[in-house]
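Asker: Just so you know, the sequences run in chain order A and G.
Per this note's numbering, the first sequence starts with residue 73, numbered consecutively.
Per this note's numbering, the second sequence starts with residue 38, numbered consecutively.
Nothing false has been slipped in among the hints.
Derived DSS-like pairs (lysine-lysine); straight-line CA-CA distance at most 30 angstroms: (1) A:Lys239 / G:Lys137; (2) G:Lys128 / G:Lys115; (3) G:Lys341 / A:Lys359; (4) A:Lys129 / A:Lys144; (5) A:Lys79 / G:Lys199; (6) G:Lys199 / A:Lys75; (7) G:Lys341 / A:Lys239; (8) G:Lys137 / G:Lys115; (9) G:Lys115 / A:Lys239; (10) G:Lys199 / G:Lys281; (11) A:Lys155 / A:Lys75; (12) A:Lys239 / G:Lys148; (13) A:Lys316 / A:Lys306; (14) A:Lys119 / A:Lys359; (15) G:Lys137 / G:Lys148; (16) G:Lys288 / G:Lys199; (17) G:Lys115 / G:Lys148; (18) A:Lys155 / A:Lys129; (19) A:Lys155 / A:Lys144.
What the hints contain is simulated information worked out from the structure, not anything from laboratory work.
Predicted, not measured: the structure shown is a model, and the values here were computed from it.
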Amino acid sequence: MFKYIMKRLLLGLLILFGVSIIIYFLVRNMPADYIDTQTAAQVSQGKLTREQVENMKALYGIGDNSFTGILKNYFTWLGNLLKGDLGISFVYGRPVADVINQYMWISFGISFTALIFEVIIAIPLGIYAATNQYGVADYTVTVLAMMGISLPSFFLSALLLRVFSLKLGWFPLLGLRDATQMLSGFPAFLDMLHHLVLPMTTLVLLSVGGLMRYTRTNMLEVLNSDYIRTARAKGLSEKTVIYKHAFRNTLIPLVTLLGGTIPSLFGGAMITESVYALEGIGYTAYKAVLQADVPFVMGYNMFIAVLTVLGILISDLLYMVVDPRVKLR
Amino acid sequence: MSENKKVPDTIDELEEESLSDSVKVLSPGRLVLRRFFRSRLSIVGLSILIFLFAFCYIGPLFVEYTDTTTFAIPREIKMVTEEHFTGADGKVYTYYDVSKNLAYDKAPPSKEHWLGTDPNGMDVFTRLMYGGQVSLKISFIVVLLEALLGVIFGGIAGYFGKWVDMLIMRIVDIFYCLPGLPLLLIASQIIRAIPSIHPNERLYWLMGILTFFSWSGTARLVRGQILSLREQEFMIAAEATGLKARTKIIKHLIPNVMPQLIVSMTLGLGQIILYEATLSYLGLGVPFPYAAWGSMISAADPSKGSEILSFYPNLWVAPGILIVAAVLGFNFVGDGLRDAFDPKMKK
Numbered sequence: 073m074f075k076y077i078m079k080r081l082l083l084g085l086l087i088l089f090g091v092s093i094i095i096y097f098l099v100r101n102m103p104a105d106y107i108d109t110q111t112a113a114q115v116s117q118g119k120l121t122r123e124q125v126e127n128m129k130a131l132y133g134i135g136d137n138s139f140t141g142i143l144k145n146y147f148t149w150l151g152n153l154l155k156g157d158l159g160i161s162f163v164y165g166r167p168v169a170d171v172i173n174q175y176m177w178i179s180f181g182i183s184f185t186a187l188i189f190e191v192i193i194a195i196p197l198g199i200y201a202a203t204n205q206y207g208v209a210d211y212t213v214t215v216l217a218m219m220g221i222s223l224p225s226f227f228l229s230a231l232l233l234r235v236f237s238l239k240l241g242w243f244p245l246l247g248l249r250d251a252t253q254m255l256s257g258f259p260a261f262l263d264m265l266h267h268l269v270l271p272m273t274t275l276v277l278l279s280v281g282g283l284m285r286y287t288r289t290n291m292l293e294v295l296n297s298d299y300i301r302t303a304r305a306k307g308l309s310e311k312t313v314i315y316k317h318a319f320r321n322t323l324i325p326l327v328t329l330l331g332g333t334i335p336s337l338f339g340g341a342m343i344t345e346s347v348y349a350l351e352g353i354g355y356t357a358y359k360a361v362l363q364a365d366v367p368f369v370m371g372y373n374m375f376i377a378v379l380t381v382l383g384i385l386i387s388d389l390l391y392m393v394v395d396p397r398v399k400l401r
Numbered sequence: 038m039s040e041n042k043k044v045p046d047t048i049d050e051l052e053e054e055s056l057s058d059s060v061k062v063l064s065p066g067r068l069v070l071r072r073f074f075r076s077r078l079s080i081v082g083l084s085i086l087i088f089l090f091a092f093c094y095i096g097p098l099f100v101e102y103t104d105t106t107t108f109a110i111p112r113e114i115k116m117v118t119e120e121h122f123t124g125a126d127g128k129v130y131t132y133y134d135v136s137k138n139l140a141y142d143k144a145p146p147s148k149e150h151w152l153g154t155d156p157n158g159m160d161v162f163t164r165l166m167y168g169g170q171v172s173l174k175i176s177f178i179v180v181l182l183e184a185l186l187g188v189i190f191g192g193i194a195g196y197f198g199k200w201v202d203m204l205i206m207r208i209v210d211i212f213y214c215l216p217g218l219p220l221l222l223i224a225s226q227i228i229r230a231i232p233s234i235h236p237n238e239r240l241y242w243l244m245g246i247l248t249f250f251s252w253s254g255t256a257r258l259v260r261g262q263i264l265s266l267r268e269q270e271f272m273i274a275a276e277a278t279g280l281k282a283r284t285k286i287i288k289h290l291i292p293n294v295m296p297q298l299i300v301s302m303t304l305g306l307g308q309i310i311l312y313e314a315t316l317s318y319l320g321l322g323v324p325f326p327y328a329a330w331g332s333m334i335s336a337a338d339p340s341k342g343s344e345i346l347s348f349y350p351n352l353w354v355a356p357g358i359l360i361v362a363a364v365l366g367f368n369f370v371g372d373g374l375r376d377a378f379d380p381k382m383k384k
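Next comes chain G alone, as it looks inside the complex (with noise of 0.2 angstroms):
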């Protein structure tokens, strides 16, 4: 409100400006806004993410082929082998052989490839754009689906009370205890092995099963506000006008609701980010040749040798780093936007 603070020369331009002209009145939605501007945090989030946007969204139309598109680069391989042997007069000889062999993998960094190849001829630069664009899909529509279920069922539960919010309370609670990441990988072998699906719509089903077991909490939460907003006056009022209960949870609740809901969708879809980049780097994600973050890493697992995750950092920091960002990208959003929704948060 500081900003457009002019500085009067005189008395009498003192006087003539008016109260509207001082007083700037901001809507609650600017307050947010300003506020969430002011924060550092938020503001790096923010550009963390519209950087992963550009980068997977418009980068592909720069290159003109795509992730599956496999090159065969040759590059130079030097084969020292050597032998010992014994020689007739009893000292231990060693004998090299020095030979050059050509590979067409796994091609190093360079003009055309910025990361290089991947072990199976593929640009690594170019799936990390297509892999994030798996990620980024997954983890919205996951979130968008997770609100949509939470707001009816914690709306119906926290609305209506007695043995309606009891029964599906009871519901939640058990698709609350459930054991999140062993179920996630059963869930998926079971869809990998279904034949009648087709390897690309693996991406709606995995959706699916994400959705499936983290819509409780999302539930648990609009339930609770919505049980704490019923108490209040304006609800009463809504009573006393006689507003049939449809318009009254969505126009009057619903809204209300929105701020905790929208800092728990940003949080939550770091938290799907991560669960599908878990599911991909155990092979149970998006299938092959498609790319993924998740997968791109999992070129590193220790237990399939050291080689890959010694001499090829190329292939595998960047997705993961490329996961990190990502993930902070929607945590500091996340966490700003509370900052700016709470009225307590004043500073």
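In isolation and in its complexed conformation, chain A is listed as follows (with noise of 0.2 angstroms):
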């Protein structure tokens, strides 16, 4: 056991290395360059020479964009990194670290409260459609669960935004407090709240389908193997059949569907974050790798990949831990 995690965070690491020279080589070739916008007001008065301006970039660690000067900087970054260190944000003067930190859990609160509601309504809709397969209410909820999972993001939140916050009015348009008043404490939770309930319903929306075909999959598979047969034919109420024998059953699957999550549940949602203009962890992101900033579009993508990585770790030791059955090697 002990041996087989040692084995796959090693492998774990091979892979993140390979994934963190991709990246880099990626965001340093983003079109945009932080110290340029930032000089190109100086240097066009006069104020500072070119000279300078290169002398700054390769102060900041981004000076040399040719193949070799860039993987130099990949190696300088790399050992920070070894050392705990992911540099500091050029937009926001802070350690990367911090400022992940501190974006991170207002996405993680928004997206853990979607994937609670989710699981509440994706788990029975998708168990009463397996139950009644090839009924209405198995093609109604096979139908809406596609229909979530072909919306665009984007495409969602404006219809949400133009029936519920402009149209009725019920909620606010953009953005996470109510800029007009001077709010703390517990109202300025509950504006807060207030202000995302539109977001937190798209995430909802958007993701519930997926969760409950794997349901209804699941279901079904269970529902048609022997031991429900024997469970039947003892003369068991369908009920007790159900929800006592089949139900647990189909748990394993959709325990180890939580490792997966896990990615989205930290990184936020970029997209849907942008549309609200949300300050969280995926709308800072995205501003990042507008402005350029390099330090922090990497640690966020490494963030993201080693989530991925755990996310996967955790998910296989679920499998084990819920289905002894499972051997893993």
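Using the supplied hints, reconstruct the complex from the two chains, each of which is provided in its own coordinate frame.
Answerer: Shown next as structure tokens:
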């Protein structure tokens, strides 16, 4: 067990090394240049010479844009990373880890609440659809689930904003808090919740379909197995068969699915957050890409990659925990 | 099989009927098709797709202008300005000034322009057709490229095993763990900024990066399939007959991977359409003035002001519905195909 985890972690490190090289080269080739945009005015006024700007770039660690230059900078970055230092964000002027930590929790709050709602809605509906296979309810649930999967987040957000914010005026249009009032304590929290209703609805609607379909497929598989026939043959009530015998085994694949949600849980929803202008980690990262905040974009992408690797490992381990038949090698 | 069952009238007739008449032999392909068309949802999906293809590729033949033709359609805008002032008697008076202004963009829906025109005076309905061409073209080419890469890498890894498998699968793992959307954003920005790439060629580069970031899933699928197929009896037979590795892979393994591959490709088509729409929405897709569904919706982006979002739904609702329809169509067909290919699914 311990050996297995160690092996997987080492493999994960190897994967992350490859991931970081690809990301670093992409990030360094971003067209916008933070130093150029910041110093453009001074350069045109003649207060700074080109040479000074180049020196500044070298100081920031983005001076040499040739292949070898980037490679050298990459190893500097990697060395700092191994010391636990992700660098200092250009835009925020603070350590990248701090910035991620600051904006991550709001995204986590939104995604976690949305996840709870998804589970509450999707699992009962999925089971209901499976027990009524090919019935009206099954078709309705399947079609609705597919619609949810097929919706682009920005379109759904636009529709929700148009109806509930602009037409009915129930919810505010953008942002996380009301700018016209100074609130603190509990009223501020309520105000934030009010702002978060539409984004959360968007997230739930987008991903509830996938979970619902997953539950339905698994339930159908379980319901077709022999031990369910045995349970029915014993004369158990349909309720006991489904909720006591079948449901437990449906949970096996669902538990492992949770590992896959880890990256989106902590990494935020880039598009949804941007549409609603929520100061979460996703929106912050989107802005950072536009401003070419190299250390932050690097830090953010590596953060997501680490979460992905961990997510896969955790779901494999969970699979073994919930299903003793599975042996890991 | 029950469709052409004739009810025999007499005993004689029944006896005359030989076995080959009463049992119709169906090829596996026919069986799959039959199972596919039995499902209502796959027929719905197929109809949606046929409609979309007709709309995007035949539709433009009936319109004599293109997606970039601009129209100046005058329309009156009533401008009411009001001003408050305190009169000599101390009361507050309100002064209204009603004037008319002419605008030439965002024409309302009319007989000539079914969905009106957009802020640049281009016909929205026509742009829907051309935008659809972009989405469909990109998704099909990307999915084919993905399948090609997936079959090559997954096939080699699965067939040869050992260190080859090890090496290829680690590369696949790396690609699998790359954060998709953030890197797509960065990559399409890079492509936009390279001066030697003509805006019209950007489409092909876009296909390239979409493939680059999404081929790993297909490779995993193919490898997994080939690993399990390799152990089966027919492959041992192929081994025993002394076939070349190439023949074994191309003639015996790949055809057996096809069902799963086709299903995942169909479902992938919808996914690529969503990615393409997202990139266009962020202004990183097909360049202006060419149409794309995603960029048409971006007119309603609330951060650009809520005017279009609230007053001109004719500009952005239709492209959204078409995206949903396209993805839904591919998902329905993909699901239908999966059930049709799966022999366990015999109802």
